[in-house]
Amino acid sequence: MREALRKKYIPMTETIYYTLLSVVIPRHGYAIMQHVSSLTKGRILLGTGTLYTMLGRLTSDGMIRVLPDSEKKIYQITDIGLELLREETRRLELQLKDGRKILSGGVFPVLDVENGQEATK
Numbered sequence: 085m086r087e088a089l090r091k092k093y094i095p096m097t098e099t100i101y102y103t104l105l106s107v108v109i110p111r112h113g114y115a116i117m118q119h120v121s122s123l124t125k126g127r128i129l130l131g132t133g134t135l136y137t138m139l140g141r142l143t144s145d146g147m148i149r150v151l152p153d154s155e156k157k158i159y160q161i162t163d164i165g166l167e168l169l170r171e172e173t174r175r176l177e178l179q180l181k182d183g184r185k186i187l188s189g190g191v192f193p194v195l196d197v198e199n200g201q202e203a204t205k
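Under the numbering used here, the first residue of the sequence shown is numbered 85, with each subsequent residue one higher.
Take these hints with a grain of salt, some might be off.
[Said to hold, decoys possible] Cross-link-like lysine-lysine pairs, in silico, DSSO-like; alpha carbons within 27 Å at most: (1) Lys125 with Lys156; (2) Lys181 with Lys92; (3) Lys157 with Lys181; (4) Lys157 with Lys92; (5) Lys181 with Lys91; (6) Lys181 with Lys125.
Think of the hints as simulated: they come from the structure by calculation, not from any bench.
Based on the sequences and whatever the hints tell you, model everything.
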């Protein structure tokens with residue numbers, strides 16, 4: 085099951101990533117929307133249709149759960165959801181590190197298209 089979820093969710097979309105970050109602390113739907121907007125400084129605005137469809141899918145896949153005994157539906161990340169969120173965060177950190185390494189100083193390697201390797205200057 086974990087491998088199937090890993091294949092389904094890694095890499096994660098931004099909306100899934102930020103939604104999972106939001107439910108590390110239990111939150112209801114509207115609070116998730118507000119938290120994602122605040123965290124991304126308005127760059128990601130979740131609509132209700134998008135959010136509730138995603139919450140349903142994440143719940144049925146066991147990535148999040150609905151807390152019992154609450155007036156509103158309160159969502160919280162599960163252990164497998166947290167495991168995959170951490171894995172995705174590590175993947176993004178490596179991706180960012182590689183990007184910064186290549187882009188630092190504005191230097192791009194020149195590729196030798198015929199050989200598919202970096203050209204020597």
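Which numbered hints fail: Hint 3 contradicted; others consistent.
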